[in-house]
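Chemist: Sequence:
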Amino acid sequence: MANADLLMFMDDLKKLIHGNHHPLINYNPLILSKRRRFKRLYQELDSIIQTLFSIHEDHHHNPDELEKVRKLKKRFKDATEEAQDTIDLFLSALHFRYGRLSVTSGVFKTSLDLFLSALHFTNRGLSPRSHVFDTSLDLEKILKSIESIKVELNTINISDMKADSSSRIKHVKTQSAAATETSYTRNPLGIKKQSEEFVVGLHHDVEIIRNKLTEDSKQLYVVSIVGMGGLGLDQATDSQLREKLHKNLMGRRYLVVIDDIWSIEAWDALKMFFPHDNTASRILLTSRLNEVALHMKPHGFVHYLPCLTIEDSWELLKQKVFHGNKCPEWLIKPGMQIAKKCHGLPLSVVVMAGVLAEESTNIDLWEEIACSVSSYIVGDQKGCLETIALSYHHIPEHLRECFLYLGGFPEDFGFVVKRLIWLWVAEGFIEEAGNRSLEDTAKAYLDDLISRNLVIVAKRNVNRDVKACKLHDLVRELCVQKAKEEGLFLKIDSPTSSSQLLEGITYKQRRIFTNQNVNILNIPHSLTRTIRTLLCFQVNNHSLTSIAHPFVLLRVLDLQESGLDGFPQGFALLVHLRYLAVWLLSEFPNSICKFWSLQTLILKRNTYRSMNLPGNITDLVNLRHLWSNVRLSLPYIEKPMSLHSISKVKFIGGVDNFHKCFPNIKKLELSYSLHIVKSLKSLELLPYLENLKLWGMYLRVDHIELPATLKKLTLVKCLLPWEYMSIIQLLPNLEVLKVCDSLRETGSHDWDACEQQFRQLKLLKLEWLDIEYWFASSTSFPCLKQLLVSDCMELAEIPLEIGEIATLEHIEINDCSNSVVESVKRIQQEQQDEGNDELKITVNRKEVSFSLSRHGSSESE
Numbered sequence: 001m002a003n004a005d006l007l008m009f010m011d012d013l014k015k016l017i018h019g020n021h022h023p024l025i026n027y028n029p030l031i032l033s034k035r036r037r038f039k040r041l042y043q044e045l046d047s048i049i050q051t052l053f054s055i056h057e058d059h060h061h062n063p064d065e066l067e068k069v070r071k072l073k074k075r076f077k078d079a080t081e082e083a084q085d086t087i088d089l090f091l092s093a094l095h096f097r098y099g100r101l102s103v104t105s106g107v108f109k110t111s112l113d114l115f116l117s118a119l120h121f122t123n124r125g126l127s128p129r130s131h132v133f134d135t136s137l138d139l140e141k142i143l144k145s146i147e148s149i150k151v152e153l154n155t156i157n158i159s160d161m162k163a164d165s166s167s168r169i170k171h172v173k174t175q176s177a178a179a180t181e182t183s184y185t186r187n188p189l190g191i192k193k194q195s196e197e198f199v200v201g202l203h204h205d206v207e208i209i210r211n212k213l214t215e216d217s218k219q220l221y222v223v224s225i226v227g228m229g230g231l232g233l234d235q236a237t238d239s240q241l242r243e244k245l246h247k248n249l250m251g252r253r254y255l256v257v258i259d260d261i262w263s264i265e266a267w268d269a270l271k272m273f274f275p276h277d278n279t280a281s282r283i284l285l286t287s288r289l290n291e292v293a294l295h296m297k298p299h300g301f302v303h304y305l306p307c308l309t310i311e312d313s314w315e316l317l318k319q320k321v322f323h324g325n326k327c328p329e330w331l332i333k334p335g336m337q338i339a340k341k342c343h344g345l346p347l348s349v350v351v352m353a354g355v356l357a358e359e360s361t362n363i364d365l366w367e368e369i370a371c372s373v374s375s376y377i378v379g380d381q382k383g384c385l386e387t388i389a390l391s392y393h394h395i396p397e398h399l400r401e402c403f404l405y406l407g408g409f410p411e412d413f414g415f416v417v418k419r420l421i422w423l424w425v426a427e428g429f430i431e432e433a434g435n436r437s438l439e440d441t442a443k444a445y446l447d448d449l450i451s452r453n454l455v456i457v458a459k460r461n462v463n464r465d466v467k468a469c470k471l472h473d474l475v476r477e478l479c480v481q482k483a484k485e486e487g488l489f490l491k492i493d494s495p496t497s498s499s500q501l502l503e504g505i506t507y508k509q510r511r512i513f514t515n516q517n518v519n520i521l522n523i524p525h526s527l528t529r530t531i532r533t534l535l536c537f538q539v540n541n542h543s544l545t546s547i548a549h550p551f552v553l554l555r556v557l558d559l560q561e562s563g564l565d566g567f568p569q570g571f572a573l574l575v576h577l578r579y580l581a582v583w584l585l586s587e588f589p590n591s592i593c594k595f596w597s598l599q600t601l602i603l604k605r606n607t608y609r610s611m612n613l614p615g616n617i618t619d620l621v622n623l624r625h626l627w628s629n630v631r632l633s634l635p636y637i638e639k640p641m642s643l644h645s646i647s648k649v650k651f652i653g654g655v656d657n658f659h660k661c662f663p664n665i666k667k668l669e670l671s672y673s674l675h676i677v678k679s680l681k682s683l684e685l686l687p688y689l690e691n692l693k694l695w696g697m698y699l700r701v702d703h704i705e706l707p708a709t710l711k712k713l714t715l716v717k718c719l720l721p722w723e724y725m726s727i728i729q730l731l732p733n734l735e736v737l738k739v740c741d742s743l744r745e746t747g748s749h750d751w752d753a754c755e756q757q758f759r760q761l762k763l764l765k766l767e768w769l770d771i772e773y774w775f776a777s778s779t780s781f782p783c784l785k786q787l788l789v790s791d792c793m794e795l796a797e798i799p800l801e802i803g804e805i806a807t808l809e810h811i812e813i814n815d816c817s818n819s820v821v822e823s824v825k826r827i828q829q830e831q832q833d834e835g836n837d838e839l840k841i842t843v844n845r846k847e848v849s850f851s852l853s854r855h856g857s858s859e860s861e
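Numbering-wise, the sequence shown is residues 1 to 861 according to full-length UniProt numbering.
The set of hints was computed from the structure by calculation and includes no laboratory data.
Among the clues, some could well be false.
[Stated by the list, open to error] Taking CB as the label site, the calculated pair distances span:
id, residue 1, residue 2, range
1, E82, L255, 55 to 63 Å
2, P328, A389, 30 to 38 Å
3, Q516, K738, 39 to 47 Å
4, D465, S819, 46 to 54 Å
5, K717, E809, 23 to 31 Å
6, E432, R759, 31 to 39 Å
[To be verified] Under the rule of at most 25 Å between Cα atoms (straight-line distance), these lysine to any residue pairs were calculated in the SDA-like manner:
id, residue 1, residue 2
7, K71, K482
8, K333, R400
9, K846, R460
10, K73, R529
11, K693, R419
12, K484, Q43
13, K484, Q509
14, K765, N657
15, K491, I602
16, K467, D277
17, K68, D88
18, K14, R529
19, K825, E838
20, K470, R400
21, K73, Q43
Think of the CB as a built atom: it goes at the ideal place given N, C-alpha and C, for glycine as much as any other residue.
I would like the entire structure built from these sequences, with the hints used as guidance.
Modeler: See below:
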């Protein structure tokens, strides 16, 4: 399968050949005159794609032929990227010449307008001879390269390399078995004595596994241990499974340990050797892949091995350095720092123990090492990185760029999942998958990397969806090294001179990640013309004019840490942008609306003042996500937009039909004036709306109807009568409900939740409300997991029936009356009496436990 970016390019070529909704493409005579060239290029590329990417690079094929295929794919990738750059430069020049001018009945204005346009940019420092003015389109060199690839491709026996499913499965089995044999046979520290081996921090895990292995069951039972590479012991038994094994096991009760299984196919090939004789036999296997363990789950148990705590890491470090002897007190502080920086990975702790063992009492050395732990761990090439690299070698091709891309971000960077997904989509990493959205496919990619224990989950929401993630330092270093080998990006982590920067940028460099001030004006165009991504994590004072000129082909530009005071005209040259994140000091620039390719727009301000969006915002026909940390004032919308999500928007002129203006919207945050609230009735017609936030409005029952697709509803400063909650309860898919900062001058201050049932609600948040009495039955919230109540000073109590909800995990109470706290005490006491000790109670942001008796009560924290 060709990569997603190549398929996008092919789609863009089709638009140039057959026309496009953009008038610049539809009516431009230069486009029309070159359509034959576009068609020829498309046909040549398509013929190679159909052949070259049908070849499966299985290792049972001829190695020489495989190497030819890999080299051809690399040459083909370079040729298509050059073709893409050439065509995009042509489109940039086209946009410069015609894009700023009006189109009337398909005829472009010329002469004086063109002269004034050229004069304007010349005064801005762009010469009329600059590449951005060049509308020539020379594809002959590229076509010759493609033709030579096709000729060489014809010399390869393609039919034999289109592996059928059976041969591919055989290969996977063989490869996985080989990986199993070799993965842990190394001993990076040369440890020889058995007495030097320690198991720390796994006592609870060992107890769970022991219990599962000794359960009273006669059937063959499989216990799987899943975790990141480096979490277990550093040695494994080398075993050859043959028919003799099966005969020796027949009729016997056995325990077999299989370390580091890499695929479902490998297990399916191995399991035939193990007899099912009802002898209460057990198989214990380890894997880095969740899917492998889950494959055995119907007849087994899966245990997810966690990372070590800081305390356990320190205990292991002490044992390995001092061999059971007491650690000197003066080494405890730097030792704990070293243990913490191992991030819970035993393999890293073992490496550091080897470093410290040489100077086990030298505090100066320990303090020095504590400042550079990661460099020592990474320096142990044969131990840590090589072990982790095994996981990388088993990643499918379509995940590799997504994974390596993470290495471009700073150390300990916390990835917000939705923004990471938007970046992946903009970079062209995500393949189309039927009717599935690119964002949903990208989410599946991330879940796959998490299931392979390469990406760590930092935060989940109540639905268990991943909200934030991070990389272990060791995995990040692997990403950086492999990305450098692949030429995926240039990473600038330290102050760099102009000459060093020029040495770092190669001709084919596509991406720059930096947390340093980079003098981009000194980079020649010959090197920057292919750069597609610029992400800056440092507060810079970039001039957008200077960015626009050399980086005219940018697709991704993230300057969220750089305050920008105004957008110059030269910024309009960046017409290929798909992702733009900026921190604005001034108003929204109309020039952004020229970016017909823009998919994601992130706008930040350091003030609460709202930002006015221009009337031509609807020209952004490909815009999928519009996010801001301040309120966005939007004029009257007359034509549809492709938005999937929009935040903090206030419609100045109102919206007559939400379903016509936002037919694809999934997440919508609305801020309204009272006189246009009547338009909310059309919300019911939005077919994909899952997340709705309403801010600052008086809602009447006859003014609002909500779609059944809604999963999350947030009401902030909304004067909604409590009686309307019974209608909200009827929403069949609602999982999260937040009602915040709503005070009512009239009407009831009581909420009776007994009449209807929240069928799917998992999280309920009540904050800054004037609610006095809340009534609920044990069946009102059958799926509730979390209840958060804050600053509801008038509330008398939490209904005792809430405690009877079987799914409830956590009640959090902040700044409420003593009577509410007392009601929570009674709920926990009742649950403890029923044998439920799992319910977590938090009061004023501290986890507490209550103990009540007939003679009084006591509280312990």
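Chemist: Any hints this thing doesn't respect? Which numbers, in order?
Modeler: Structure breaks hints 4, 8, 12, 14, 16 and 17.
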